[in-house]
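Student: Chain by chain, the residues:
There are 2 protein chains.
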Amino acid sequence: MKLGAIEAGGTKFVCAIGNEQGDIFEKTVIPTEHPDVTMPAVYQFFKGKGIERIGIGSFGPIDVNQQSDSYGTIQNTPKIDWVDFPLAKRLADQLNVSVKVDTDVNVAALSEAEWGNATDVDSCLYITVGTGIGAGAIVNGTTLNGLSHPEMGHIVVKRHEDDSFAGACPYHNDCLEGMASGPALEKRWGKAGQELADDEKVWEIEAHYLAQALVNYIYILSPEQIIMGGGVMQQEHLFDLIRKNVIESLAGYVSSPFLSAENIDRYIVPPGLTDEAGIKGALLLASE
Amino acid sequence: MKLGAIEAGGTKFVCAIGNEQGDIFEKTVIPTEHPDVTMPAVYQFFKGKGIERIGIGSFGPIDVNQQSDSYGTIQNTPKIDWVDFPLAKRLADQLNVSVKVDTDVNVAALSEAEWGNATDVDSCLYITVGTGIGAGAIVNGTTLNGLSHPEMGHIVVKRHEDDSFAGACPYHNDCLEGMASGPALEKRWGKAGQELADDEKVWEIEAHYLAQALVNYIYILSPEQIIMGGGVMQQEHLFDLIRKNVIESLAGYVSSPFLSAENIDRYIVPPGLTDEAGIKGALLLASE
Numbered sequence: 001m002k003l004g005a006i007e008a009g010g011t012k013f014v015c016a017i018g019n020e021q022g023d024i025f026e027k028t029v030i031p032t033e034h035p036d037v038t039m040p041a042v043y044q045f046f047k048g049k050g051i052e053r054i055g056i057g058s059f060g061p062i063d064v065n066q067q068s069d070s071y072g073t074i075q076n077t078p079k080i081d082w083v084d085f086p087l088a089k090r091l092a093d094q095l096n097v098s099v100k101v102d103t104d105v106n107v108a109a110l111s112e113a114e115w116g117n118a119t120d121v122d123s124c125l126y127i128t129v130g131t132g133i134g135a136g137a138i139v140n141g142t143t144l145n146g147l148s149h150p151e152m153g154h155i156v157v158k159r160h161e162d163d164s165f166a167g168a169c170p171y172h173n174d175c176l177e178g179m180a181s182g183p184a185l186e187k188r189w190g191k192a193g194q195e196l197a198d199d200e201k202v203w204e205i206e207a208h209y210l211a212q213a214l215v216n217y218i219y220i221l222s223p224e225q226i227i228m229g230g231g232v233m234q235q236e237h238l239f240d241l242i243r244k245n246v247i248e249s250l251a252g253y254v255s256s257p258f259l260s261a262e263n264i265d266r267y268i269v270p271p272g273l274t275d276e277a278g279i280k281g282a283l284l285l286a287s288e
Numbered sequence: 001m002k003l004g005a006i007e008a009g010g011t012k013f014v015c016a017i018g019n020e021q022g023d024i025f026e027k028t029v030i031p032t033e034h035p036d037v038t039m040p041a042v043y044q045f046f047k048g049k050g051i052e053r054i055g056i057g058s059f060g061p062i063d064v065n066q067q068s069d070s071y072g073t074i075q076n077t078p079k080i081d082w083v084d085f086p087l088a089k090r091l092a093d094q095l096n097v098s099v100k101v102d103t104d105v106n107v108a109a110l111s112e113a114e115w116g117n118a119t120d121v122d123s124c125l126y127i128t129v130g131t132g133i134g135a136g137a138i139v140n141g142t143t144l145n146g147l148s149h150p151e152m153g154h155i156v157v158k159r160h161e162d163d164s165f166a167g168a169c170p171y172h173n174d175c176l177e178g179m180a181s182g183p184a185l186e187k188r189w190g191k192a193g194q195e196l197a198d199d200e201k202v203w204e205i206e207a208h209y210l211a212q213a214l215v216n217y218i219y220i221l222s223p224e225q226i227i228m229g230g231g232v233m234q235q236e237h238l239f240d241l242i243r244k245n246v247i248e249s250l251a252g253y254v255s256s257p258f259l260s261a262e263n264i265d266r267y268i269v270p271p272g273l274t275d276e277a278g279i280k281g282a283l284l285l286a287s288e
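Protein sequences appear in the order of chains A and B.
All letters in the first sequence, in the order written, are residues 1 to 288 by the working numbering.
All letters in the second sequence, in the order written, are residues 1 to 288 by the working numbering.
Some hints here could point you the wrong way.
If several chains are the same, the list does not tell them apart, and a pair holds so long as it fits within one copy or across any two.
[Stated by the list, open to error] Cut-off 27 Å, straight-line C-alpha distance, at most; resulting in silico cross-link-like pairs (DSS-like, lysine-lysine):
| no. | residue 1 | residue 2 |
| --- | --- | --- |
| 1 | K158 | K244 |
| 2 | K244 | K2 |
| 3 | K187 | K27 |
| 4 | K187 | K158 |
| 5 | K79 | K12 |
| 6 | K201 | K158 |
| 7 | K49 | K79 |
| 8 | K47 | K27 |
| 9 | K2 | K89 |
| 10 | K201 | K191 |
| 11 | K201 | K12 |
| 12 | K49 | K187 |
Don't read these hints as lab results, they were simulated from the structure.
Build out the structure end to end from the sequences listed, making use of the hints.
Tutor: See below:
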């Protein structure tokens with residue numbers, strides 16, 4: 001089956017034609033401008049190509065409730081030109097295909113579960129730590145959504161005892177994203193993460209917040225695999241700091257051989273897929 | 001179909017025979033003592049009654065992974081006589097039936113989703129706040145388990161600014177359960193919750209922790225319905241304190257009509273079932 005896939009991001013729309021095996025036949029990148037500019041180029045790319053369905057991994061918030069009248073409509077985003085834009089409906093109408101939508105992080109989790117570092121398990125969590133912090137999950141065989149899609153980057157966190165930074169989240173100040181995103185790092189220390197690579201205190205504090213988040217995700221979701229990607233996780237030494245902190249914090253409370261000092265490096269891992277995780281996940285979503 | 005059900009708790013085993021509609025034909029209560037004492041009485045109750053399957057809602061930690069060799073085996077509990085006891089296997093061997101096991105809170109969530117206050121939705125969260133704090137969830141049509149079963153009562157929480165209580169959790173000190181369970185209340189204030197009903201500060205602090213937990217559960221799981229039960233939630237005024245605090249904390253970040261001052265009293269609710277939620281949920285589990 002010929003499928004369409006869109007990775008709808010804040011700066012670009014990656015569009016591709018491929019199949020459910022993840023083969024990509026054709027791909028293009030369209031800048032994210034006003035929908036009146038971006039969308040006609042998207043329609044143009046897909047038109048006349050014989051695709052039957054489209055899957056979209058989108059920036060949010062977006063309505064992911066398939067029973068809802070506004071399924072696939074962008075919600076209250078800071079990108080004001082896109083607020084209330086019915087992304088799925090317009091594509092369905094213009095191209096006469098069925099359209100499925102999920103969050104960018106849920107679609108990346110799908111991809112990792114099919115082809116990446118979570119292929120042997122029934123549940124997994126994919127976290128990205130970059131400009132923002134977001135996470136997608138596979139639970140009971142499909143992506144996790146409910147009342148809305150998860151917003152795992154905005155959980156309440158306990159401060160590191162040496163940290164007086166006010167936080168960088170415009171909604172909550174010192175939530176996880178407000179304390180541990182790339183921009184939070186830069187605002188707290190006055191330099192970008194890459195320039196701080198040798199400063200131990202920077203990464204001790206960063207690991208404190210990220211490990212705390214993982215501990216809460218483990219207590220609440222109990223994922224069988226945790227994958228961490230995004231720009232901040234390019235600091236590879238962070239992985240071991242986080243792993244050590246998670247083990248200490250759990251204090252032996254959850255019974256699993258993976259939550260031991262010997263095995264945790266197989267439990268908390270970087271992504272198995274690189275650039276194409278999003279677009280391949282969107283193909284999978286289309287094929288469902 | 002004639003089904004067996006067990007609500008396996010720390011003080012008693014409730015055993016029943018019923019059907020998948022939740023009708024209970026016969027019931028008995030057996031004290032939780034040493035397995036050598038309790039279990040023969042359990043076998044005796046079910047023997048010769050013509051049941052085909054048994055469902056168990058159990059205290060934990062217990063292995064809930066159906067692929068595991070130790071499925072249905074009690075794990076590292078403070079009830080040392082029960083550590084490593086293969087509850088499901090022994091029942092299956094003694095009674096020659098198939099046995100399904102889940103946590104007491106997951107089974108209560110199943111019951112609420114079928115007959116209680118979460119019948120109109122596809123996902124829900126059932127939280128009990130009493131001697132301990134635990135929660136079960138229905139996600140994508142079935143109970144949420146993964147690497148292990150969730151332990152949502154033990155998440156990391158941010159302290160209330162006026163609270164210097166060290167915490168009552170033997171594993172983590174000041175996790176959610178350590179700060180907000182019934183015993184935590186009693187230890188912090190020197191009196192049981194019921195005797196503190198008129199003290200506003202007590203409930204402001206209690207609501208701070210419980211609302212914070214709900215906010216994190218919402219960001220991570222996005223349940224369509226939240227049900228709160230257990231001894232501490234008998235203080236009915238707590239519901240409105242928690243609801244108000246949740247709305248303030250979310251700061252409008254999650255788009256849903258239920259997360260508004262007008263509708264939140266339909267979103268965060270007490271249980272619809274009373275005494276028989278556990279045992280009826282175990283019947284449902286058996287019928288799956």
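Student: Each of the hints needs a verdict: does it hold here or not?
Tutor: Each hint, compared with the structure:
Both within a single protomer and between protomers do K158 and K244 lie at most 27 Å apart by alpha-carbon distance, with minima of 18 Å and 21 Å respectively. For a Cα distance limit of 27 Å, the shortest separation of K244 from K2 qualifies neither inside one copy, at 45 Å, nor across copies, at 49 Å. In this assembly of identical chains, K187 and K27 lie within 27 Å of each other by CA distance neither inside one copy nor across copies; the values are 36 Å within and 62 Å between. Proximity of K187 to K158 under the C-alpha cut-off of 27 Å is found in both arrangements, the shortest distances being 19 Å within a copy and 22 Å between copies.
For the homomeric pair K79 and K12, the shortest alpha-carbon distance inside one copy (13 Å) is at most 27 Å, but the shortest distance between copies (56 Å) is not. In the homo-oligomer, the alpha carbons of K201 and K158 lie at most 27 Å apart both inside one protomer (17 Å) and across protomers (21 Å), since each shortest distance falls under that limit. In this homomeric assembly, K49 and K79 never come within 27 Å of each other (Cα to Cα): the closest approach is 30 Å inside a single copy and 64 Å across copies. In this assembly of identical chains, the alpha carbons of K47 and K27 lie at most 27 Å apart only when taken from the same copy (13 Å versus 65 Å across copies).
In this homomeric assembly, K2 and K89 come within 27 Å of each other (Cα to Cα) only inside a single copy, at 20 Å, whereas the closest approach across copies is 48 Å. Proximity of K201 and K191 under a CA criterion of 27 Å is satisfied intra-copy only: 14 Å inside one chain copy versus 42 Å between copies. Proximity of K201 to K12 under the C-alpha cut-off of 27 Å is found in neither arrangement, the shortest distances being 35 Å within a copy and 50 Å between copies. When the C-alpha separation of K49 and K187 is checked against a cutoff of 27 Å, the pair qualifies neither within a copy, at 46 Å, nor between copies, at 69 Å.
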